[in-house]
Each structure stands twice: as C-alpha cells, then as structure tokens.
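There are 2 protein chains.
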Amino acid sequence: MTVGKSTNITWHRGKVSRDDRIELIGQRGVVIWLTGLSGSGKSTIAVDLEHALLEHGHHAYVLDGDNIRHGLNRNLGFSPDERSENIRRIGEVAKLFCDANLITIAAFISPYRKDREGVRALQGEGEFIEVYVKCPLDVCEGRDTKGLYKKARAGEITDFTGISSSYEEPTAAEITVDTSTMSLDACVGTIIDYLREKGFIQLP
Amino acid sequence: MTVGKSTNITWHRGKVSRDDRIELIGQRGVVIWLTGLSGSGKSTIAVDLEHALLEHGHHAYVLDGDNIRHGLNRNLGFSPDERSENIRRIGEVAKLFCDANLITIAAFISPYRKDREGVRALQGEGEFIEVYVKCPLDVCEGRDTKGLYKKARAGEITDFTGISSSYEEPTAAEITVDTSTMSLDACVGTIIDYLREKGFIQLP
Numbered sequence: 165m166t167v168g169k170s171t172n173i174t175w176h177r178g179k180v181s182r183d184d185r186i187e188l189i190g191q192r193g194v195v196i197w198l199t200g201l202s203g204s205g206k207s208t209i210a211v212d213l214e215h216a217l218l219e220h221g222h223h224a225y226v227l228d229g230d231n232i233r234h235g236l237n238r239n240l241g242f243s244p245d246e247r248s249e250n251i252r253r254i255g256e257v258a259k260l261f262c263d264a265n266l267i268t269i270a271a272f273i274s275p276y277r278k279d280r281e282g283v284r285a286l287q288g289e290g291e292f293i294e295v296y297v298k299c300p301l302d303v304c305e306g307r308d309t310k311g312l313y314k315k316a317r318a319g320e321i322t323d324f325t326g327i328s329s330s331y332e333e334p335t336a337a338e339i340t341v342d343t344s345t346m347s348l349d350a351c352v353g354t355i356i357d358y359l360r361e362k363g364f365i366q367l368p
Numbered sequence: 165m166t167v168g169k170s171t172n173i174t175w176h177r178g179k180v181s182r183d184d185r186i187e188l189i190g191q192r193g194v195v196i197w198l199t200g201l202s203g204s205g206k207s208t209i210a211v212d213l214e215h216a217l218l219e220h221g222h223h224a225y226v227l228d229g230d231n232i233r234h235g236l237n238r239n240l241g242f243s244p245d246e247r248s249e250n251i252r253r254i255g256e257v258a259k260l261f262c263d264a265n266l267i268t269i270a271a272f273i274s275p276y277r278k279d280r281e282g283v284r285a286l287q288g289e290g291e292f293i294e295v296y297v298k299c300p301l302d303v304c305e306g307r308d309t310k311g312l313y314k315k316a317r318a319g320e321i322t323d324f325t326g327i328s329s330s331y332e333e334p335t336a337a338e339i340t341v342d343t344s345t346m347s348l349d350a351c352v353g354t355i356i357d358y359l360r361e362k363g364f365i366q367l368p
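Listed in order, the protein sequences are those of chains A and B.
Each residue of the first sequence is one higher than the one before, counting from 165 in the working numbering.
Each residue of the second sequence is one higher than the one before, counting from 165 in the working numbering.
It should be emphasised that the hints constitute simulated quantities derived from the structure, not laboratory data.
Take these hints with a grain of salt, some might be off.
Given that identical chains are not distinguished, each listed pair holds provided it fits within a single copy or across any two copies.
Stated by the list, open to error - Derived EDC-like pairs: lysine to aspartate or glutamate, alpha-carbon spacing no greater than 20 Å straight-line:
id: 1; residue 1: Lys314; residue 2: Glu361
id: 2; residue 1: Lys179; residue 2: Asp228
id: 3; residue 1: Lys362; residue 2: Glu246
id: 4; residue 1: Lys310; residue 2: Glu281
id: 5; residue 1: Lys179; residue 2: Asp230
From a predicted model like this one, the values you see are computed outputs, not experimental measurements.
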C-alpha cells in the first residue's frame with residue numbers, strides 16, 4: 165500500500181478496539197478518583213502520583229480544578245446543580261482518557277455521593293478506584309493554603325464545602341488515606357500498591 | 165525514600181511540566197481537527213489515521229460523535245448555540261488530550277468558522293492542524309451512509325448542515341483533502357506527511 169506522496173507505510177483498517185489499544189500502548193486505562201475536603205491534600209497526592217507513574221514509564225494524567233474549572237467547566241458555578249454537572253462532565257472526560265488507556269487521576273472535592281456513583285457507573289467494571297482523601301475539617305481549615313476557609317467563614321464565599329455546603333463521606337471507597345496521620349509518601353505508596361496488586365502497573 | 169508498605173520507588177516531586185511530559189512520553193501532543201459535511205469521510209479518515217499512528221508506536225486517540233455526543237455532550241441539541249457549546253467543550257477536551265501529549269484527532273462537522281477559530285485559539289502555537297475534509301454536497305448526499313440526508317430532505321431532521329443549516333468552509337486550513345477525488349490512502353497519507361514534516365512523528 166502506498167500512502168501520500170512517497171511513503172510505504174501499511175496499517176490495519178478500521179476502528180481500533182479497546183483491547184487492540186491496550187496491546188499497542190502496553191497499558192490498561194483506569195480512573196483514580198480522589199475525593200475529599202478542600203485542603204485535604206487531593207492535588208498534592210495527584211501530582212505526586214502522576215510524577216511517580218510517568219517516571220516509571222506509565223502514561224498518567226491529572227484532571228483537576230486547574231485544567232477543568234478554567235476550561236471545560238468555565239461556564240459552571242457552585243450551586244448543587246452546577247456541582248453535579250461539573251462532576252458529570254469530568255466523569256465523561258475521565259472515561260475518554262481511560263478509553264485511551266491513560267492512568268487517569270481526578271482530584272475534585274466531589275462532595276455528593278450520588279455524583280460520584282454516577283461517575284463510577286460510567287466506567288468499566290474495576291476501572292474506577294475511589295480514593296477517599298480523609299482529613300478532619302479542623303485540620304484542613306488550619307492548613308487553609310488557599311485562604312478559602314477564611315473567606316468562607318467571613319461569608320465571602322458561599323456554598324463552600326464543609327462550611328456552608330455538605331460533604332458526603334464515601335461509604336465504600338476502594339482506598340482511604342488519612343493525610344492528618346499519613347505522610348505523602350505513604351498516601352501515594354498506598355495507591356501505587358493497589359494499582360500493582362490489580363495489575364494496572366508493574367513497578368519494582 | 166520508602167513508599168507504601170514495602171517498595172523502594174523514588175520519584176521527583178511536584179507538578180509535571182509539559183516539557184517534562186514530552187520527554188517522559190517521547191511524544192508531543194497535537195490536535196488534528198477534521199471538519200466537513202456529514203458523509204464527507206471525516207470519521208473514516210480519523211479511525212484510519214489513528215490506527216496507522218498506533219501501529220507505528222504513536223499514542224493517538226479519536227474524539228468523534230460516537231464518544232462525545234452520547235457522553236459529555238448528551239445534554240446538548242443542534243441549535244446554533246448548542247452547536248457552539250458542543251464544539252467549545254470538544255475543543256477544551258482536545259486541549260486536555262494535547263496537554264497529555266496524545267495525537268488527538270477530532271472529527272466533527274463543526275460548521276461555523278467562529279467556533280473552529282475558538283478551538284484553535286485554545287491550543288498552543290502550531291498545535292492545531294485544521295483539516296478540511298472537502299466533498300461536494302451532492303456526493304455526500306449520494307453516499308448518505310447513515311440515511312440522514314434523506315431524513316433531512318423529508319424534514320424529519322431539522323438544522324441539518326448543508327440542507328437546512330449552513331456550513332462555512334475553512335479559508336485557511338493547514339490541510340485540505342478532497343474525498344471525491346482522492347483515495348482514503350492518499351487522504352491519510354497527506355496528513356501523516358504533514359505530521360512528519362512538522363516533527364510530530366517519526367515514520368519511515
């Protein structure tokens with residue numbers, strides 16, 4: 165088969181199946197969904213986990229507020245309905261990344277159980293790993309790295325999770341890490357161990 | 165550094181930059197945006213191009229009606245405003261895939277010039293390749309593989325591009341392929357040649 169002007173590339177025709185893609189990429193996609201209060205450590209764990217996976221030859225990508233709220237979901241606010249639509253869209257994007265066989269790490273407060281279950285239902289069996297990034301509210305508020313709790317207490321931010329909006333704790337998360345008692349290494353390592361046990365990655 | 169229960173993995177800390185990721189993945193992301201009438205051949209070219217790239221070791225992924233309209237954009241119809249929001253969201257998702265350094269192939273009618281320019285503006289310099297999949301309306305209508313033109317002519321589908329809704333041809337697409345005169349091989353090969361010339365891929 166001759167392609168274009170001067171090349172001699174050949175390829176198979178037709179749609180690439182998920183299994184074909186797993187073989188061609190050498191990796192199976194999965195969604196790692198970090199949920200927890202603002203300041204609990206979701207993003208810190210997410211970027212650290214991504215770095216570790218990439219350095220060990222696994223293709224990973226983080227979806228978080230930085231690249232979603234300023235882009236895809238820039239037209240959504242923080243009302244309950246908009247929060248649900250926010251999470252629904254992220255769940256659909258995570259599904260696409262998973263279909264492309266990336267190890268997809270989503271780090272969002274995602275306060276409502278129903279919304280998280282909706283995201284879980286979108287993904288294939290065993291391809292959704294819910295990680296509860298647990299941390300007492302007073303510890304998160306004490307950290308207040310972005311100064312958001314202070315603003316929420318002052319009434320400058322409304323619908324703030326933990327203060328003026330509810331957070332529904334996971335009841336059956338695959339993994340729970342407590343950032344008030346565990347080191348960052350231990351939190352990330354716990355997730356890596358789980359991925360290895362389930363055969364998503366091969367690391368030493 | 166000790167991680168988790170028993171491992172001795174080490175990694176660098178902090179956010180992975182786009183450049184770090186390019187080095188770790190061995191590939192630079194790009195968005196290949198196929199625009200054209202229904203039946204022009206966008207999806208056929210997209211899946212063929214994806215297959216060719218994957219088989220040659222490049223990580224590619226197709227965004228198209230199949231995985232977007234039934235998922236992320238299931239809550240959008242076909243009015244002009246909804247078409248614009250449809251394309252805006254796809255552009256943002258393409259940006260995320262490009263940031264993850266996948267060769268991202270988007271196949272959507274995307275009839276409005278303004279919407280396509282909006283997507284272009286989201287991507288980095290040189291990272292948006294507009295491909296006009298050109299084909300005369302009567303040829304597309306003659307193919308009518310999905311029977312949509314027949315329904316549109318019968319008034320069963322409203323706002324159908326080319327019949328009851330406008331298609332604005334690209335004026336400065338990076339690539340134009342005419343599927344009424346070129347073979348599928350030639351169309352895909354033209355895009356592959358362009359990617360090679362621009363250094364996105366290394367193929368024989």
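Query raised in the report: Broken hints, numbered, in rising order?
Result: Going through the list in order, the structure violates hints 1, 3 and 4 and respects the others.
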